[in-house]
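Here the protein sequences come in this chain order: A and E. Residue numbering for the first sequence follows my numbering, beginning at 1 and increasing consecutively. Residue numbering for the second sequence follows my numbering, beginning at 1001 and increasing consecutively.
Some hints could be false.
[Unchecked claim] Each computed DSSO-like pair below joins lysine-lysine, with the alpha-carbon atoms no more than 30 Å apart:
(1) Lys-1237(E) / Lys-499(A)
(2) Lys-1317(E) / Lys-1340(E)
(3) Lys-1237(E) / Lys-498(A)
(4) Lys-1134(E) / Lys-416(A)
(5) Lys-1161(E) / Lys-1237(E)
(6) Lys-1161(E) / Lys-1114(E)
(7) Lys-198(A) / Lys-1161(E)
(8) Lys-1340(E) / Lys-278(A)
(9) Lys-1134(E) / Lys-498(A)
(10) Lys-1138(E) / Lys-499(A)
(11) Lys-1237(E) / Lys-1197(E)
(12) Lys-198(A) / Lys-513(A)
(13) Lys-1340(E) / Lys-499(A)
(14) Lys-499(A) / Lys-1263(E)
(15) Lys-513(A) / Lys-1114(E)
(16) Lys-513(A) / Lys-1237(E)
[As the list claims (entries may be wrong)] Pairwise CB distance ranges (calculated):
(17) Asp-1137(E) / Thr-277(A): 53 to 63 Å
(18) Glu-282(A) / Pro-1242(E): 37 to 47 Å
(19) Gln-428(A) / Glu-1169(E): 28 to 38 Å
Hints were generated in silico from the structure; no laboratory data involved. C-beta atoms are modelled at their ideal positions from N, C-alpha and C, and glycine is treated no differently.
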Amino acid sequence: MIPAQTTNDFDVIIIGGGITGTGTARDCALRGLRVLLVERDDIATGATGRNHGLLHSGARYAVKDSESAEECIRENTILRKIAAHCVEDTQGLFITLPEDEEIGYGLDYQKQFIDACTRAGIKATAMDPREAIAMEPSVNPALIGAVQVPDGSVDPFRLCSANLVDAKLHGAKVLTYHELVEIIREGDTVRGVRVRNKTTGQTSAYFAPVTVNAAGIWGHQVAEMAGVHVGMYPAKGALLIFAHRVNNVVINRCRKSADGDILVPGDTVSVIGTTSTKIPFEECDDVRVTPEEVDLMLREGSRLAPSLMTTRVLRAYAGVRPLVSADNDPTGRNISRGIVCLDHEKRDGLRGFITITGGKLMTYRLMAEMATDAVCEKLGVTVGCSTATTPLPGSESSDIKEISKKLWKMPTIAQKASVGRVGTRASQIKADDRFERSLVCECEQVSVAEVRSAMDNLDVHNLVDLRRRTRVGMGTCQGQLCACRAAGLLGKNRLCVKKEREDLASFMEERWKGLRPVAWGDALRGAELSAWEYSEVLGFDKEDEQ
Amino acid sequence: MKFDTIIIGGGLSALTCGIKLAKAGRDCLIIASGESALSFNSGSFGLLSRLPDGTAVEEPLKAIEQLPSSHPYVKIGIDNTRRYAASAKEFFADCGISLRGTERNLWRYTSSGKMKRCWLAMEDTTAFVSREDKVGDKALIVTVKGFQDFFPGFVAESLEKKGISCRCESIELDELDMLRSNASEMRATNIALTMEKDKIRKSFVKEISRIRQDEDMLILPQIFGYEDTRALEDIRKAVGMPVTFISTLMPSVPGIRTQKMLKKAFEAAGGTLMMGDCVTGAVIEGGKIKSVLTSNLGSYGLEADNFVLATGSFFGKGLASDFTKIYEPVLGLDVDASEKRDEWYSSSFFDRQAFIGFGVKTDNDLHPSRDGEAISNLYAAGSVLSGAESLYEGSGAGVAIITAMYAADKILEG
């Protein structure tokens, strides 16, 4: 069937609102293309928001995969400049423990590791155990050696949101909560997409000469919808978040990569991970962490920092990496975690369709650049990529203290926290009104003003979206009070109380999903209190006699 | 130092037990460490609103017959439970807490405006005999501007379902600026403390009268009644229409008030309160507790003839857990709890949760045991006990009060 509408509304349609999709949308928009981004949920709901938040130095890959290592350190340096408000320079340690010696990863391996890092351009400095303990007091004191590398931490929600904000500032149209129902094909050419608005149920078609599949693991199905096959396999990675910042420096193991061997500090928490388990595609939409995985993370994590055994675990969560199976890889690359950019015209004879996948959070910008180059080649556009040098909105200045000082004479803790979250964009958060200064979320110091600003400017549709933009509900109380308060604020804006009730209930269910695998100790105590608060006080009960 | 009875815990159960003993002339010490479930009380007490199989309960004292033998109400004997329940109103009235209720459950509002069953309602809590009852047709819902722990929109939606039209307003109060400057201070109890000042309350009420149109009922968050329940009547007289207080997020004003009044009653009866200390262990000899140790007193043991453990559930720290087990952290008592972590919870947050029913194992006289051996001069009372799914059943306060009275009588019979 030939679509009734054949004029192109856009130059490029991007499917997927993760970091790859939003990064590609930004790159395309900066090069002057008319961009449409479609996402079936909120931004950063897939693997983007479900990883360590590690700003890799590349050292992890140096010995076995020098190409990935070089990519990482290049992007590491770039992100520190263009995404300053999303990045924290924590530095990282690769530690050697006595048991590593027994399996051939002793101090000899450490030398090999440092050499490989140096060759890849990663500054790697050997330290003696005492220096390492002085630098990071939580580290396992049994260590026999350590190497310092330029690791850091990155907030993927912020990074994703900043890319989207910039794409929109450059004219991109964004449709979140729009589900792909069809890739519109005309013979051997992809013409556009048909999407269903999940809120209204309405279906609409959009057209562009090029469509980019940037849907992460769901890109497998997107490709199938277009009639081509990309051999992906979903690899689940489980992680645990601790309720406070145990370490200030990233701690890694200096040996072959294994489960639970990276501990990353980020904002007010620390994250341990991860695992790599192949799962069926059906499970990708609802990945859960098992008690065995929790126990494994704790056991391995406590080898990095012994105090993890007795630290409260805030949540367990898992993401799905979009790995491209090497045997099926038409580009012939044998690196399953490498970037894969497929021009389906060259590969399958399908015109107007590109898949960008593989890769990792760290290399999202490079992936976006590769995808955008491919788009431009198809469109005959010759504008070069500028994302390696153009700061993201919020990162025009990197000095948090200076930004705070410019905005307020005497910044409050909440104001400082919001500069940390949104960088220079904090100036747009209006808090002239004394009522706007009240805190919605006490654990994370999020004010009414910041919540309002996020609702007005950052495509927030519900409480879970709001959490991704502002950290409301991410703290130790896990939404016990703040979720209700935020629901009250959202309700005022939307004037639909019934929806608000459902929203609050589904927010708490979402929190419970991550809390349940780790609900013991203080977490169980908090869960009991929340259960009473929601059922007995608020009357949110399953049983409803009305 | 030696007492007749030492009670560990400071919530509804501990205080009820302490008052009963002190009034009978016993030299009684309460050691309390911190928060109790009263801080999220809803202005009412529940005895039984739902049976474990989900059947709704109209007459709780009849329905207790259908509870399993492991339930505290059944353990102490159904007749005892009925007798203590019947004496509750008088008991609390003597402590200055006036409660309403009959043999049939009442209906009270929750914070979202939906109704829930309760057994006894406090004087300033609006409660109805029938779920269909209402006090008016046009409601004016007023809150304090900037107060985030009350949700007029939710309340309005629920009332409108009942055919009550609603108008929501918020009033600015300059006097609350002190609280506002530190945003986490804008809590119900802090506002209620400010509202205790006649002048402030009067200006608030005056503003309500000014914005009132033709409404015939007034709904306010429960940010009144810090010291006593007179505020409700005061406001009703001033605005000339019925007033309903709706509970806020915690801390609960009526809950904190009740706790204060019970403490006062306990001390007035001659009891000794030791607040902010926490029991760390006990000396047990020949199946009896000889003394308990506290963190402030160190190795100096506190002796008594009898002991009551009323430390509450997880929130009150009467129960604790790590990633392998549920345990009783104060005395290391035996517990009724599943050993598999997966069985502690339901997959939905809003479903009944098994862990709420976990607790200390006791015999029918409420004597707990350690390593299988009963401790004959120790009684457990309230939510530290196993066998009651208090949240699902709506039995939290009832179990706290009734088992405390039973334990007190056992000690008095002693």
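Checked hints:
1. Distance restraint check for Lys-1237(E) and Lys-499(A): the Cα-Cα separation of roughly 37 Å exceeds the 30 Å cut-off, and the hinted pair is therefore not satisfied.
2. Note on Lys-1317(E) and Lys-1340(E): the hinted pairing holds, with a Cα-Cα distance of about 21 Å set against a maximum of 30 Å.
3. In summary, the hint linking Lys-1237(E) to Lys-498(A) is not supported, as the alpha carbons are separated by about 34 Å, beyond the 30 Å threshold.
4. The straight-line distance between the Cα atoms of Lys-1134(E) and Lys-416(A) is roughly 48 Å, outside the 30 Å bound, and the hint therefore fails.
5. A distance of roughly 28 Å separates the Cα atoms of Lys-1161(E) and Lys-1237(E); the hinted pair therefore holds under the 30 Å criterion.
6. Among the hinted pairs, Lys-1161(E) with Lys-1114(E) is consistent with the structure: their alpha-carbon atoms are about 10 Å apart, no more than 30 Å.
7. For the given pair, Lys-198(A) sits about 27 Å from Lys-1161(E) by alpha-carbon distance, which is consistent with the 30 Å threshold.
8. A C-alpha spacing of about 26 Å is found between Lys-1340(E) and Lys-278(A), which places the hinted pair at or below 30 Å, so the restraint holds.
9. With a CA separation close to 22 Å, the supplied pair Lys-1134(E) and Lys-498(A) stays within the 30 Å bound.
10. Using a Cα cut-off of 30 Å, the hinted pair Lys-1138(E) and Lys-499(A) holds, with the two alpha carbons roughly 24 Å apart.
11. Straight-line distance between C-alpha atoms of Lys-1237(E) and Lys-1197(E) comes to about 17 Å, which keeps the hinted pair within the 30 Å bound.
12. For the hint linking Lys-198(A) to Lys-513(A), the alpha-carbon distance of about 23 Å falls within 30 Å, and the restraint holds.
13. Taken as a hint, the Lys-1340(E) and Lys-499(A) pair is broken in the structure, with Cα atoms around 37 Å apart against an allowance of 30 Å.
14. The suggested pairing of Lys-499(A) with Lys-1263(E) is violated, with an alpha-carbon distance near 43 Å, which exceeds 30 Å.
15. Simply put, Lys-513(A) and Lys-1114(E) have alpha-carbon atoms about 26 Å apart, close enough for the 30 Å limit, and the pair holds.
16. Our distance criterion of 30 Å between C-alpha atoms is broken by Lys-513(A) and Lys-1237(E), whose separation comes to about 49 Å.
17. Between Asp-1137(E) and Thr-277(A) the beta carbon distance is about 60 Å. The supplied range of 53 to 63 Å therefore holds.
18. Separated by about 56 Å at the C-beta atoms, Glu-282(A) and Pro-1242(E) break the suggested range of 37 to 47 Å.
19. Take Gln-428(A) and Glu-1169(E): their Cβ atoms lie about 30 Å apart, and the range 28 to 38 Å holds.
The structure shown violates the earlier hints numbered 1, 3, 4, 13, 14, 16 and 18.
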